[in-house]
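Peer 1: The lines below spell out each chain.
There are 2 protein chains.
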Amino acid sequence: MTNGKNRQYVLAARPQGPAKRSDFKLIEADIPSISDGQVLFRNTMFSIDPYQRNLMGNGSSEWPTIALGDPMGGPTVAVVEESKHPDFNVGDPVQTWSGWQDFATSDGPDIRKLDPEEAPLSTALGPLGLNGFSAWYGMTKVHTFKPGGTLVVTGAAGSVGSIAAQLGKLRGLRVVGIAGGAKKVAFLREDLGLDDAIDYRAHNFADRVRRALPDGIDAFFENVGGPIFPVLMEHFNRDAKMTICGTISDYSETELPKGINYLPRLITLIHYRFVDIKAFATPYVMDTMPEFLAEMTPLVKQGKVKYREEFIDGFAKLPEAMMSLFDGTHSGKKLIVRAD
Amino acid sequence: MTNGKNRQYVLAARPQGPAKRSDFKLIEADIPSISDGQVLFRNTMFSIDPYQRNLMGNGSSEWPTIALGDPMGGPTVAVVEESKHPDFNVGDPVQTWSGWQDFATSDGPDIRKLDPEEAPLSTALGPLGLNGFSAWYGMTKVHTFKPGGTLVVTGAAGSVGSIAAQLGKLRGLRVVGIAGGAKKVAFLREDLGLDDAIDYRAHNFADRVRRALPDGIDAFFENVGGPIFPVLMEHFNRDAKMTICGTISDYSETELPKGINYLPRLITLIHYRFVDIKAFATPYVMDTMPEFLAEMTPLVKQGKVKYREEFIDGFAKLPEAMMSLFDGTHSGKKLIVRAD
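Taken in sequence, the protein lines are chains A and B. So that you can map any letter, position 259 of the first sequence is 240 in the numbering used here, and since no number is skipped, the others follow by simple counting. So that you can map any letter, position 305 of the second sequence is 286 in the numbering used here, and since no number is skipped, the others follow by simple counting.
Only chain A is shown next, with the shape it has when bound in the complex:
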C-alpha cells in the first residue's frame, strides 16, 4: 500500500558478486507532481530480469550503471493516475521504464500505451516486452538463420530463450535447448516442442551435447555463458552464426575463472570455421519495436508463441525476486512482482 508516499527501492551499495539484500534500501519519497505535458503513473507490475544485475555495477557490463541512491531500474506496467498530456488519460495502462518505485512521471515518449484487449497487460513485460523483443531482434536482425539448420539456445527455458527457441522452430530450424534441471528440460520438449533439450547440470553433458548435435551447430542464441560454452562451441559448423543476447552466468563474476584458457580455441574456431559472433543491445535498436510488435502480437494472441509467468505479490518482494534469478532456484518462468 502506498499510504500517500512513493516507495522506492534504491541502490544502497554496488554488489560484489551476486546481489544481496543489503544492496537495496527501501525509502519513502513524496509522490511527484506533474506540469503541463506530463503524466503521473502508478506502477502495478515490475519486470524481474537478469540484466538488472548489470545496472547495479561491478558486474560484467560496460553499460552505465544506476547511481547509488537512485531507484533500481527496469520495465514496469503502470496505470495513468493524472494526465496533463493530450495522448494519455487517467486509467490508461502503459508500459514504462521507471524501475522500482510506486509512482513516477513521464513526458510521454518513454512510455507505451497498452491495449488490454490485445493481450494480457503482463505480456508487455515478457513476450511483448523487452524479453520478446530481445529474442526477436537477436533471431531476426542480428543474424538471419537459414531453415533446416540446427539452432542451439542456452537458457532456453527462460523468458528470452524460450521465445528465441520458439521463433527458431517457426523459422524452420531444428532447435536444441539447453537448460538447468529436469523440469525445464521437460518443458522444452513437451510444451515448446523443441527437437531436443539438454540439462547442463547432467554429469554427461558433453556426451549428451554430442548426441544432440549430429549435424553440428549452425545458429547459436546465447543467454548464459560460463563453463558450458566451451563444450558447445566445439560443435560450431563452418559459417556458424552466434548471437550474444546475454551471459547471465558471468554477470556476477568479479574475476575471471582459472583453469584451461579457452580463448585461443575460440579464436581458432572463428579463424578456421568462420564463426560469426555478434552482439546487440536493445536500447540502440528500439526503432524496430513496431516491426517486432507487428510480428509477435498475433503469434502470442494465437498461442503460437507460448510464455510462462510467475507472479509474486508485494512491492517488498522486489529484491528477493531478483536475487532468485541467480541462485539457481528460479523456475525459468517470467518473473513479475505485483504492487500491493
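Any given hint could turn out to be false.
Since copy identity is lost for identical chains, a pair holds within one copy or between any two.
[Stated by the list, open to error] Computed list of lysine-lysine pairs in DSS-like fashion (alpha-carbon distance at most 25 Å, straight line): (1) Lys65 - Lys127; (2) Lys127 - Lys259; (3) Lys122 - Lys259.
Just so you know, these hints were derived from the structure itself, not from any lab.
With the hints as your guide, set chain B onto chain A.
Peer 2: For chain B alone, coordinates are given in the frame of chain A:
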C-alpha cells in the same frame, strides 16, 4: 642441382608441437612428363610462410593437411621448361603452388604468368603474392576501416603484417605495430613510419600498450594470437573491428594453455562493445586477386609499400628455413629459398 631427378621434400611425419627436421624427408623422383595442354616447370624460388606449419597437421588448423609422403606444399616461382599449352612458352616465369619439389606439371589454371618488368619475380611470393593478398584482403574486404581510427597490427614486421600496417597508413589510420625485439620495432618506426611500435617481449608490455593506445583500438589485424591478445583486447573501442589473418603463436600448440580463462572476457567485450571479429581464408577468395594486383602492383613499383626479403640458397635448406619462423630467430623479412 637437380641431376636429372626431381628432388622433393615430402612429409615424413606429422609434427607434435613445432616442426622438426625429421618431419621432412628428401627423396628423388623422376621428372614428370607432360601431355597435351600441360606445362612442365622448374621451381626457382620457394616461399616460406607460417601457415605451412598447418599443412603438416596436428596444429591449430582445421584445413586439409598434406598426405604423408606427399611433397610439402606452398607457393613457388618457377620457369617453364617444356610446354604443350598454348598460353605458356619455354622460359616463361610463373608463380605456382607446387610446393617443395624441383619439377612439377600444370594444366594452366593454377599457375600465373609473371612479368619481370613489372616487379622482381620474388615479389610474386611476397607483397604481390599470398602475403600481400592476405594483408590486402583482410584490410579491404573483410572489414572497412574508417580513416582517423587506430589500427593495431600484430606480427607487424612480418611479411603479411608489414603490408597490412602500410595499407593502414595509406588509408589514413593511426597505426600501432606489435613485434618481437628492438630491431623489428625500429624497422616499424623508422622504415615503415608507423605511429608507434611496441616490443611484445618488453617486461612492461601492458603499460606500453596503454600509453600507445590513448584512444583505444578501432581496428585490429591479427597475425599472432597467444598471450599478448588478452592484453590488447582490453583496449577495444565500441564497434572495434578485428580481422583474423593468422595466429602463428598457436599453430604449433598441441594443448590449450592453462591459467586465467580469458574466454568469458572476450565474450563480454563482444557483448558490450560490439567488437566484430571476422576471419577469412585466401583459397575461398582468389577471385579478388586481380583487384588486389591492380591496387598493389603500382604501390610496390612506386615504393609506397615497402617489403624486405631474405634469400637462403639451396633446396636442402627448405626445412631449416621453415623451422626458423617458429623459434624466434627469424628477422621478420620475407623468407625465400632459392633452388640450387
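Peer 1: Now tell me, hint by hint, if it's right for this structure.
Peer 2: Hint check results:
1. Taking the shortest alpha-carbon separations for Lys65 and Lys127, neither the intra-copy value of 49 Å nor the inter-copy value of 47 Å comes in at or below 25 Å.
2. In this homomeric assembly, Lys127 and Lys259 come within 25 Å of each other (Cα to Cα) both inside a single copy, at 16 Å, and across copies, at 20 Å.
3. In the homo-oligomer, the alpha carbons of Lys122 and Lys259 lie at most 25 Å apart both inside one protomer (11 Å) and across protomers (18 Å), since each shortest distance falls under that limit.
Of the numbered hints stated above, the single one contradicted by the structure is hint 1.
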